[in-house]
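A.B. asks: Chains as they are written, first to last, in this note's numbering: chain A, 2 to 347; chain B, -7 to 172.
Incorrect hints may appear among the rest.
[Stated by the list, open to error] Below, computed lysine-lysine pairings styled on DSS-like, alpha-carbon distance capped at 30 Å:
#  : chain 1 : residue 1 : chain 2 : residue 2
1  : A       : Lys170    : A       : Lys110
2  : A       : Lys277    : B       : Lys67
3  : A       : Lys118    : A       : Lys106
4  : B       : Lys29     : A       : Lys297
5  : A       : Lys251    : B       : Lys67
6  : B       : Lys1      : A       : Lys243
7  : B       : Lys29     : A       : Lys243
8  : B       : Lys67     : A       : Lys243
9  : A       : Lys170    : A       : Lys185
10 : A       : Lys246    : B       : Lys29
11 : A       : Lys208    : A       : Lys91
12 : B       : Lys1      : A       : Lys246
13 : B       : Lys67     : A       : Lys246
14 : A       : Lys191    : A       : Lys143
15 : A       : Lys275    : B       : Lys67
16 : A       : Lys170    : A       : Lys143
17 : A       : Lys16     : A       : Lys27
18 : A       : Lys170    : A       : Lys82
19 : A       : Lys308    : B       : Lys67
Derived by calculation from the structure, the hints in this document are not laboratory data.
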Amino acid sequence: MDETLAEFFRRTILKIPMTEMMTVLKTWNFLSENQLQTVNFRQRKESIVQDLVLLCEENRASLNDAALLDIIYTQFHRHQKIWDVFQMSKGPGDDIDLFDMEQFKSSFKKILQRALKNVTVSFRDAEENSVWIRIAWGTQYKKPNQYKPAYVVYYSQTPYAFTSSSQLKSNLPLLGQALTVASKHHQIVKMDLRSRYLDSLKAIVFKQYNQSFETHNSTTSLQERSLGLDINMDSRIIHENKVEKERVQKVTQEIFGDYPQPRLEFAQYKLETKFKSDLNGGILAEREEPLRCLVKFSSPHLLEALKSLAPADGEVISSFLEGPSVITRSSKVGKGIEESRRTCEY
Amino acid sequence: MSALRPLDKLPGLNTATILLVGTEDALLQQLADSMLKEDCTSELKVHLARSLPLPCSVNRPRIDLIVFVVNLHSKHSLQNVEESLCHLDAAFFLGKVTFLATGAGRDSHCSIHRNTVVRLAHTYRSPLLFCDLEIEDFRATMAQRLVRLLQICAGHVPGVSALNLLSLLRGSENPSLEDL
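Pulled out of the complex, with its shape left as it was, chain A reads as follows (with noise of 0.2 Å):
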């Protein structure tokens, strides 16, 4: 085993905690149960990687194993990457076709490896039909740059892929190229919607918030829910405003659901609109044409922050939530967004 490759072993051991080592180590079965056995895990961490590289060197390791090492690393550690989400779709009149795994496999890796000489991809196949790509990228004359790899989580039934944000962008076109060719697609857009969260990611792109079931009680225990008093509440405290509240929490509650939302970072829109101004002749105002902006929301957990708004317009809110639109109501949320952009414009 060469230098580098061991190198590249003892650095990807190296990043695995303590706490988890067994698991990915079980989880990678490369090495077997005696040989974990013949390995002190009591020394410094130093000496256990040091002699974990030795072990690999018995069992003669190819930089794929090494590869699917870090595959797994990356799935115990999927937070600690900012994911992209693509979407591709197939041109109109095409007929569907049968999913092969093995052929899209062979397929994605022939399109990278035509493309640049030096490339290291490897697959790892995961739960619900889903398989991990990992791409370790290199030019024509270097070899391929292990310590920054990209890697990509595609959904074999659906049309969706999420990519790990590479440092080496420019490397971008050739993976969504690769990527639709080899699912047979024609078309590949990326989304406006990036997180650390997959799960989350997952969550919103396959629409599974919001599963809440309408039930023969859950219209009564509304309104005893819904300005979270206790059942002991004091008779001779009176809301004023209890009707618009309990609209509120009706609407908040259609939209959102009662379960924790999707961990959403980062979101943003597209919007076409026409300014309004109180001064008179301003500039942004006196444009025939509309102008074209950019919304960017952003925030540790952005559906919750939005959820907490209330009393916020429902309609955008479920607009937010359906995916990339433009948004053309004006609302509280659209409002603000407004105001902003004139006051910085002034």
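Chain A is already provided as a structure; the job is to place chain B on it using the hints.
C.D. replies: Leaving out everything else, chain B in the frame of chain A:
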């Protein structure tokens, strides 16, 4: 939804009603609970509202005291109170309105300066109380004060009226405020 007037309804027998106006629902609810725990000879009723004008309701009893709660951590609450003040009949400001500012204890979180609220209370010639409603003991003390104020404003304390109280409270203010 017309402006709220102080004397347009007949008073209930031995009933005193207070209206708490503010954006912080949780704090208002807690203050209401503390007030109702107090021993009081009159029957207390607490109404909680987010802002004025109130939604139309024929069944509402006569309001004896309005407390506007401003959270010094939130500019929105101040804005809300300022907008609500427009919907109040001028006769209310003869002792039946009080301002309550909360959150002064955590200075680093305050986005409104104390003087802003002081000036607001001075403009409307109404007393201003400071209390950290999040701390239970302070809240209990403030609840006691408010109950006593409410009883006076409802006319349940012989010899003292809301207007008397107003001039008494004004006298104890720092005279330099008159220069503001």
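A.B. asks: Could you run down the list of hints and mark each one as holding or not?
C.D. replies: Each hint, compared with the structure:
1. Lys170/A to Lys110/A: holds, 19 Å
2. Lys277/A to Lys67/B: Judged against 30 Å, a Cα distance of about 25 Å means the pair holds.
3. Lys118/A to Lys106/A: holds, 17 Å
4. Lys29/B to Lys297/A: Distance of about 48 Å is beyond 30 Å: violated.
5. Lys251/A to Lys67/B: Roughly 27 Å separates the two Cα atoms, so the pair holds.
6. Lys1/B to Lys243/A: Cα-Cα ~22 Å, so holds.
7. Lys29/B to Lys243/A: With a Cα-Cα distance of about 23 Å, the restraint between lysine 29/B and lysine 243/A holds, given a limit of 30 Å.
8. Lys67/B to Lys243/A: holds, 24 Å
9. Lys170/A to Lys185/A: holds, 24 Å
10. Lys246/A to Lys29/B: holds, 25 Å
11. Lys208/A to Lys91/A: OK: lysine 208/A and lysine 91/A at ~20 Å, within 30 Å.
12. Lys1/B to Lys246/A: holds, 26 Å
13. Lys67/B to Lys246/A: At roughly 22 Å apart (the allowed maximum being 30 Å), lysine 246/A and lysine 67/B satisfy the hint.
14. Lys191/A to Lys143/A: holds, 29 Å
15. Lys275/A to Lys67/B: holds, 28 Å
16. Lys170/A to Lys143/A: holds, 17 Å
17. Lys16/A to Lys27/A: holds, 16 Å
18. Lys170/A to Lys82/A: Given that 30 Å is the threshold and the Cα spacing comes to 15 Å, the pair holds.
19. Lys308/A to Lys67/B: Judged against 30 Å, a Cα distance of about 20 Å means the pair holds.
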